[in-house]
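With chain A fixed as given, assemble chain B onto it according to the hints.
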Amino acid sequence: MSIKKNIAISESGFIFDPSTGNSFTTNPIGLEILQLIKEGREQNEIKKHITAGYHVDDNTFEKDFYDFISTLQQLKLTVENEKKND
Amino acid sequence: MYLTKKQYERPVIQRVNVGLMNKYGTRTEYEPVTHIDGNAVADLITAYGSPVFVLSEKTIRATFRDANRAFKTRYPKVQFAWSYKTNYISAVCNVFHQEGSWAEVVSGFEYQKAINNGVPGANIIFNGPDKSEAELIFAINNGSLIHIDHLDELYLIKEIEPQLQKRARVAIRVNMDTGVYPAWDRFGFNYEGGQAQDAINKIMLNTNMDLVGLHCHIGTFMLTPSAYAVAATKMSELALNVKKKFKKTLEYIDMGGGFASRNTLKGSYIQGADAAPSFDQYAEAISTAILNAGFTEADLPLLILETGRALIDEAGFLLGSVISNKRLADGRRATIMNFGVNILFTSFWYDHKITPAQPFGQHNESTVLYGPLCMNIDVIRENISLPPLKKNDQVVVHTVGAYNMTQWMQFIALRPAVVLIDMNQKPHVIRNKETPASIQKEEEMPAYLKEFKI
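In order, the protein sequences belong to chains A and B. Taken in order, the first sequence gives residues 0 to 85; the numbers are from numbering that gives the first Met the number 0. Taken in order, the second sequence gives residues 0 to 453; the numbers are from numbering that gives the first Met the number 0.
Please keep in mind that the hints were generated in silico from the structure rather than gathered at the bench. Beta carbons are placed, not taken as given, at the ideal position from N, Cα and C, and that holds for glycine. There could be a bad hint or two in this list.
To give an idea of the interface, some chain A residues facing chain B are shown, with a C-beta separation under 8 Å as derived from the structure [stated by the list, open to error]:
#: 1; residue: Asn21
#: 2; residue: Pro27
#: 3; residue: Tyr53
#: 4; residue: His54
#: 5; residue: Thr59
#: 6; residue: Asp66
#: 7; residue: Phe67
Here chain A stands alone, though its shape is the one from the complex (with noise of 0.2 Å):
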């Protein structure tokens, strides 16, 4: 899964799709997350480099994220990865 290509993501945590209008608005480590995404960053480098920098547990972390990733889908800021050919 990643970020679609087309989406704006600015400094401040405000997001616009211009495929359908739509501007969104996330906290700073949503942001973060978003941008660590977008780099193509697996999640367990994503939950490395968040646990290393935040007073948060790994399972916590984990829940939190599998929600912040179901709320990207239902807000269809994602595509799914194409299959690599063996």
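Here is chain B on its own, set in the frame of chain A:
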């Protein structure tokens, strides 16, 4: 280099909706309330458990004094009577009694509570439709004021005359049309239909009863002070009729209660804090109506007020914690709290103000707040904007002092402790939290049911 970790907050994202807000904008409750009367919410929860009810004695006394001032600066003879059903924890009652309130009770149980609290019989008003023969005999012999609700009660007082050591000091409860809907006509005798006058005639022609006053209670959470003006005018007319017809000066007019608190009723467009009239507005309406009714100065009746909710609601807080967060099938965020409708009964009709008890960032999200009961009806707020709470985060529910500590249910879970913070900011437990033993001790097990094999 020494690295410090940043404070964690759950990641949130939400769509920006344009053109959907009402003209007042959305209301957010992310401003944390970390202390109550100098006591940290976290410390109170550590000491007394979560959830826990907390009452501020400072707020109770300040609110009472505000109400007392509003009426006493407008009317010469005013007496408050604490409405026991609103909150009858004895320590709470005694704060009001220390401020000079009489007791207003609506059952034999509440009457006994008032006696146990040390209230003199003459300062207890006995209201309500359910007074047993034994309770009436006790209360009349104790010199209390009996507010008669129906004819059966009136005739019962006549029948028990041989067992009375004193003449019964009675008033009738009067119901009437004050221009508000719904009109409360199930209690007392109707004014417009002539029932009230009939009841007065019956009492005045009876030898063992002394009609000393008139009582009404026109509704609850009354947002219209002018309805009290209508009621006070009609009550004054009745009192003046008694004087004219029987040459009898009534001692008092009891206007009951029903003043609104600053809670927000469900479905209300305006926040409760903006909608609720002040004590001054109620006092102005009632005092002006009685003063202009035509009493001579000597005959002006004592004005009794039984307001409960407006005197205690704001002094009450419920502290609780987050059990879990989840996402509903339609995408809405849901948060499960450790308190539900079992102890926060008023959430059935109020959108209670709920604030976090620890600092958060600027972002918030719409959330459904559920209680912990395994029951679908256990919803505290259908929709509230809160910062991203996580498990064990603490919240403060505001304006819960009225009715919750009397209408709460021992259902599924045990009821929590109630703590009073005194004028010197010292907390005192005024009701212990329930234990399985305190519930079990009222049960009996028949011998044949004691043993079983599964």
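Against the structure, the hints come out as follows:
Annotation: Asn21/A was flagged as interfacial toward chain B, and the flag holds, the nearest CB pair being 6 Å apart, inside 8 Å. Checking Pro27/A against chain B: minimum C-beta separation of about 7 Å stays under 8 Å; hint holds. Interface restraint check for Tyr53/A: the shortest CB-CB distance to chain B comes to about 4 Å, inside 8 Å, so the restraint holds. With 8 Å as the threshold, the beta carbon of His54/A comes within range of chain B, its nearest partner Cβ sitting at about 5 Å, so the hint holds.
Of the supplied interface hints, the one on Thr59/A holds, with its beta-carbon coming within about 7 Å of a beta-carbon of chain B, less than 8 Å. With a cut of 8 Å, the hint placing Asp66/A at the interface with chain B holds, because the nearest CB-to-CB distance is about 6 Å. Look at Phe67/A: its Cβ gets to within about 4 Å of chain B, closer than 8 Å, so that hint holds up.
The structure fails none of the hints (numbered hints given earlier).
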